[in-house]
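> Here is what each chain is made of, one letter per residue.
Protein chains: 2
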Amino acid sequence: MTRLLNKYEGNPVVSPADVPGGGAMQVFNPGAIKLNGEYLLLMDVADLSACYHFRLARSRDGYAFTVDDQPVDWPPSDPDFEEQNRYDPRITKIGDSWYIMFAARNDRLGVRTGLVSTRDFVHFERHPNCSELNNRNGVLFPEKIGGLYARLDRPMGNPHVDPANIWISYSPDLVFWGRTKPVLQVRPGEFWDAQKVGAGAVPIRTPQGWLEIYHGVEKTCNGFIYRLGVCLLDLEDPSKVIARGRNCVLWPEHGYEDVGRSGTTVFTCNALLEEDGETVKIYYGAADRCIGLAEGKLSDLLAACYT
Amino acid sequence: MTRLLNKYEGNPVVSPADVPGGGAMQVFNPGAIKLNGEYLLLMDVADLSACYHFRLARSRDGYAFTVDDQPVDWPPSDPDFEEQNRYDPRITKIGDSWYIMFAARNDRLGVRTGLVSTRDFVHFERHPNCSELNNRNGVLFPEKIGGLYARLDRPMGNPHVDPANIWISYSPDLVFWGRTKPVLQVRPGEFWDAQKVGAGAVPIRTPQGWLEIYHGVEKTCNGFIYRLGVCLLDLEDPSKVIARGRNCVLWPEHGYEDVGRSGTTVFTCNALLEEDGETVKIYYGAADRCIGLAEGKLSDLLAACYT
Chain U
1 MTRLLNKYEG NPVVSPADVP GGGAMQVFNP GAIKLNGEYL LLMDVADLSA
51 CYHFRLARSR DGYAFTVDDQ PVDWPPSDPD FEEQNRYDPR ITKIGDSWYI
101 MFAARNDRLG VRTGLVSTRD FVHFERHPNC SELNNRNGVL FPEKIGGLYA
151 RLDRPMGNPH VDPANIWISY SPDLVFWGRT KPVLQVRPGE FWDAQKVGAG
201 AVPIRTPQGW LEIYHGVEKT CNGFIYRLGV CLLDLEDPSK VIARGRNCVL
251 WPEHGYEDVG RSGTTVFTCN ALLEEDGETV KIYYGAADRC IGLAEGKLSD
301 LLAACYT
Chain R
1 MTRLLNKYEG NPVVSPADVP GGGAMQVFNP GAIKLNGEYL LLMDVADLSA
51 CYHFRLARSR DGYAFTVDDQ PVDWPPSDPD FEEQNRYDPR ITKIGDSWYI
101 MFAARNDRLG VRTGLVSTRD FVHFERHPNC SELNNRNGVL FPEKIGGLYA
151 RLDRPMGNPH VDPANIWISY SPDLVFWGRT KPVLQVRPGE FWDAQKVGAG
201 AVPIRTPQGW LEIYHGVEKT CNGFIYRLGV CLLDLEDPSK VIARGRNCVL
251 WPEHGYEDVG RSGTTVFTCN ALLEEDGETV KIYYGAADRC IGLAEGKLSD
301 LLAACYT
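Residue numbers (UniProt numbering), protein chains in the order written: chain U, 1 to 307; chain R, 1 to 307.
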């Protein structure tokens, strides 16, 4: 049994101290893309009030990152829901636009799935929030399926008690959503994904199906452990799970993954497929405090769905 | 200060013993309409397994009801979500169809808002479920607003801890829903509606606005108390609350309202406006066990929104 994802020896690739100004407590759970040959991480950054903004880190080689001086120019709230916090962006390219799905939080009412788009990561455009209340980890598929946009998400009950599962919804226009149905459930038993499962990376299209790298949660007497695993969804009907790996593929094991705002946590909003069509880079949140890089092969991750 | 809603002296109007066969533990929270001169109550009926089906009670005068021998011929589940239980129907007439919004429950995954229509209360047609997970008390407005169908509902967190509020969503086609936003929140303080508020009756159109009779919950050390109150929503933009009564208009006070499956509870899914345009009949669930009737005047309920 070999390790499928290798962690970069220089991890973490971004830490709070890398944020100019010294006012960041945590940087984590970025969306990750390549734009004009540059790696861009759109990161959760917690200031000293523990409020989140999005900020970019940039790299030419994918390993050495520089954090922007300022947050991105985030657009005003959807007028239907005042957004006091935002986090966990997933970035999906459709046509010439990048769509950012994220958790939009009103501190009194709760959290929903927000949507913002950009063409250049300089100017950002607000769209109506997508989900109802108490639903996050929204991930937009990179193409229409059956003529409709599709998103995975994770509706919540009480986050500390109820299991949380991956669901799917469809939309003709990114405004009205429906045909909502469950996709992947927590695994019965004492597995690593027995307490919660949620969509992670933007699904990668392969001839075998949509590869989805998802997070699974184990609940212990001392709290939650977040790990990553893989499943394969049907290309035509992504509510159908073709295969689901028994084993997790990334887990906390080092200090920077074990201790932080939320310890024993690795979590991803991205899986970046390189131009070779085989190398996958995952810029993962480590303990809700910094960002690590793990690299592997698409073919290995696909095979892992069947183990 | 006079009482706005008078309870019928012959209450309850329907009890479990009225259900033919003797196998009903509870009958409550009906939708209520008039069809061809007949009052129809579409009721939650709990059998001895505590599973719910819908059954009709009929009356010529609105006071003496006879319960059908059999449940209604309820259509199979939405294939996207196996419905093992269903309850709390709200019945809205649009055109020639009656649309029934209700709580559709899968015992493993949770509860959503279901939708079934009928033209005759004999044949029923299934539509896709409307809401995401953990959302019930869906109430469809009786006309399109700004060219869109509209529903009130109550997304939930943990039902025993989190406050629950009234929200609204819109749809071009009853399949895809969006423009979701909050409408009415729990009242800060120790009021009768400080813990939860949820849509109750199908809104009644008046020149002053949509009259909505909603339920409010007070949380005590011994459990919840459910009461009914009134608010007025803007005709063009029903997410705007024009007025909200300070006082509840119906509350538990008698034995059949105080003791049952869920004691100290009055709850409604209906408010039936008679042909005189003034008399309102509310067939309310009492303690989740039987059905009471309360009568009042539309003008009084409207005025109560401003007290």
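The reader is advised that the hints may include incorrect statements.
As the list makes no split between identical chains, a pair holds if one copy fits it or if it spans any two.
Cut-off 16 angstroms, straight-line C-alpha distance, at most; resulting in silico cross-link-like pairs (EDC-like, lysine to aspartate or glutamate) [as the list claims (entries may be wrong)]:
hint, residue 1, residue 2
1, Lys181, Asp120
2, Lys93, Glu278
3, Lys34, Glu275
4, Lys181, Glu125
5, Lys181, Asp258
6, Lys181, Asp68
7, Lys219, Asp107
8, Lys181, Glu82
9, Lys219, Asp173
10, Lys7, Glu295
11, Lys181, Asp80
12, Lys297, Glu218
13, Lys93, Asp288
If you are wondering where the hints come from, they were derived from the structure by calculation, not from laboratory data.
> Look at each hint and say if it fits the structure.
Hint check:
In this homomeric assembly, Lys181 and Asp120 never come within 16 angstroms of each other (Cα to Cα): the closest approach is 33 angstroms inside a single copy and 30 angstroms across copies. Taking CA atoms no more than 16 angstroms apart as the test, Lys93 paired with Glu278 passes in neither setting, with 19 angstroms inside one copy and 56 angstroms between copies. Proximity of Lys34 and Glu275 under a CA criterion of 16 angstroms is satisfied intra-copy only: 10 angstroms inside one chain copy versus 66 angstroms between copies. In this assembly of identical chains, the alpha carbons of Lys181 and Glu125 never lie at most 16 angstroms apart, being 28 angstroms within a copy and 19 angstroms across copies at closest.
Proximity of Lys181 to Asp258 under the C-alpha cut-off of 16 angstroms is found in neither arrangement, the shortest distances being 34 angstroms within a copy and 38 angstroms between copies. In the homo-oligomer, the alpha carbons of Lys181 and Asp68 never lie at most 16 angstroms apart, since the shortest distance is 39 angstroms inside one protomer and 34 angstroms across protomers. In the homo-oligomer, the alpha carbons of Lys219 and Asp107 never lie at most 16 angstroms apart, since the shortest distance is 25 angstroms inside one protomer and 22 angstroms across protomers. Taking the closest pair of Cα atoms, Lys181 and Glu82 come within 16 angstroms of each other only across two copies (10 angstroms); inside a single copy the shortest separation is 27 angstroms, beyond that limit.
For a Cα distance limit of 16 angstroms, the shortest separation of Lys219 from Asp173 qualifies neither inside one copy, at 38 angstroms, nor across copies, at 41 angstroms. Proximity of Lys7 to Glu295 under the C-alpha cut-off of 16 angstroms is restricted to the intra-copy arrangement: shortest distance 6 angstroms within a copy versus 70 angstroms between copies. Proximity of Lys181 to Asp80 under the C-alpha cut-off of 16 angstroms is restricted to the inter-copy arrangement: shortest distance 5 angstroms between copies versus 25 angstroms within a copy. Taking the shortest alpha-carbon separations for Lys297 and Glu218, neither the intra-copy value of 26 angstroms nor the inter-copy value of 56 angstroms comes in at or below 16 angstroms.
For the identical chains of this complex, Lys93 and Asp288 are neighbours neither inside a copy (26 angstroms) nor across copies (50 angstroms), given an alpha-carbon limit of 16 angstroms.
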